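Residues per chain, in single letters:
2 protein chains.
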Amino acid sequence: ARALDKVQYQNVSIVLADMKPNVVHILEQHGIQPSAQRVAVAEYVLHTTEHPSADRVWAGVQQTFPIISRATVYNTLNLFVEKGLLRQLHLAPDSVLFDPNIDRHHHFIDEDTGKIYDVPWNQIEMSNAKPLPGFEIHGYQVVMRGRRRKSRR
Amino acid sequence: ARALDKVQYQNVSIVLADMKPNVVHILEQHGIQPSAQRVAVAEYVLHTTEHPSADRVWAGVQQTFPIISRATVYNTLNLFVEKGLLRQLHLAPDSVLFDPNIDRHHHFIDEDTGKIYDVPWNQIEMSNAKPLPGFEIHGYQVVMRGRRRKSRR
DNA sequence: CAGTAGATTAGACAACGTCTAATCTTGACA
DNA sequence: TGTCAAGATTAGACGTTGTCTAATCTACTG
Chain A
1 ARALDKVQYQ NVSIVLADMK PNVVHILEQH GIQPSAQRVA VAEYVLHTTE
51 HPSADRVWAG VQQTFPIISR ATVYNTLNLF VEKGLLRQLH LAPDSVLFDP
101 NIDRHHHFID EDTGKIYDVP WNQIEMSNAK PLPGFEIHGY QVVMRGRRRK
151 SRR
Chain B
1 ARALDKVQYQ NVSIVLADMK PNVVHILEQH GIQPSAQRVA VAEYVLHTTE
51 HPSADRVWAG VQQTFPIISR ATVYNTLNLF VEKGLLRQLH LAPDSVLFDP
101 NIDRHHHFID EDTGKIYDVP WNQIEMSNAK PLPGFEIHGY QVVMRGRRRK
151 SRR
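Chains A and B, in that order, give the protein sequences. For the first sequence, the numbering used here assigns the number 1 to the initial residue and increments by one for each residue that follows. For the second sequence, the numbering used here assigns the number 1 to the initial residue and increments by one for each residue that follows.
Hints are computed from structural coordinates only; laboratory data are not their basis. Treat the hints with care, since some could be wrong.
No distinction is drawn between identical chains; accordingly, a pair holds when it is met within one copy or between any pair of copies.
[What the hints assert, rightly or not] Pairs of lysine to aspartate or glutamate, DMTMM-like flavour, derived with a Cα cap of 20 Å:
no.: 1; residue 1: Lys130; residue 2: Glu111
no.: 2; residue 1: Lys115; residue 2: Glu50
no.: 3; residue 1: Lys83; residue 2: Glu125
no.: 4; residue 1: Lys115; residue 2: Asp55
no.: 5; residue 1: Lys130; residue 2: Asp94
no.: 6; residue 1: Lys130; residue 2: Asp110
no.: 7; residue 1: Lys115; residue 2: Glu125
no.: 8; residue 1: Lys130; residue 2: Asp112
no.: 9; residue 1: Lys83; residue 2: Glu111
Because the structure is a prediction, the values reported are computed rather than measured.
The whole structure should be built from the sequences, with the hints applied where relevant.
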């Protein structure tokens, strides 16, 4: 695997000091060419416990990697989803969210803030989650909605 | 309750022949002023088993009620949701969908066509669907994804 | 050191949903 | 019935999200 400790674009070169080689390996294991931009996006999106939107990722990555375009972030995130590195969530009306947790789990949505929380898979017992007749099921999850309880005593 | 058998706008009057008075009562029961446009939207959206988007509703209503603007359809659908007549679904990346079925139920998404099917509430047995600590839960549902099975023999 | 495949880019573009100011209709009241 | 205020509707502008395209750049090959 290559070092990938710097990248240059348009005569400007950028040193990627803190890039853990770990991320490069993850990309390669998923059959993704580890360009510097992709490493930067992976570095951000795989190390968050939130569920950021594409533009949120763009803003976050730009802080450590200023030279990256919006199109690349969108391309990269879609590539990661295609390669099984991320999952897309369609839970909010505003935008698609990306979930770095690819293990089975459920979601809880705070209706006030829009924040999304992971719920462990085995916290909910479920049975008879069968597909419709004539269909095959690819996956399922429980989506819960609620809001923070008023503190009382 | 008023008759509401016609409406006029900009010197053009439209007769609402087939409007079931039933729909007018439903609107009034939910505290909604039954204008002609609202009745037309309700007539369409409450009598479908699909899960149309707002623009889909607009197109559908226009076939029987040509004089209605896009803004009114959006306003009306949002009003219906606010008054508990419809529910919003955030299942697809493209647009918000509206569900005339306000009873508890689950959903199955055909990943090929994007079509959404209702799944009866009691078909799935679930337990321990508790809120996160410090939260109160407002509702929950199971979202399943899959595709039509290839026919074989 | 060229040549080529793949990655990146800026900006145009399309779709969805909201907003605003103006206009219209309705219902109340005289 | 005529007037008026409150509410409903409208066209179009606008903002955001996401995709697309053609051009440019980088990295790999020999």
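Now for the hints, and whether the structure bears them out:
no., hint, in the structure
1, Lys130 with Glu111, "between (29 Å within a copy, 16 Å between copies)"
2, Lys115 with Glu50, "within (8 Å within a copy, 29 Å between copies)"
3, Lys83 with Glu125, "neither (30 Å within a copy, 33 Å between copies)"
4, Lys115 with Asp55, "within (16 Å within a copy, 28 Å between copies)"
5, Lys130 with Asp94, "neither (30 Å within a copy, 26 Å between copies)"
6, Lys130 with Asp110, "between (28 Å within a copy, 14 Å between copies)"
7, Lys115 with Glu125, "neither (24 Å within a copy, 27 Å between copies)"
8, Lys130 with Asp112, "between (32 Å within a copy, 18 Å between copies)"
9, Lys83 with Glu111, "between (31 Å within a copy, 17 Å between copies)"
The structure does not agree with the numbered hints 3, 5, 7 stated previously, though it agrees with the rest.
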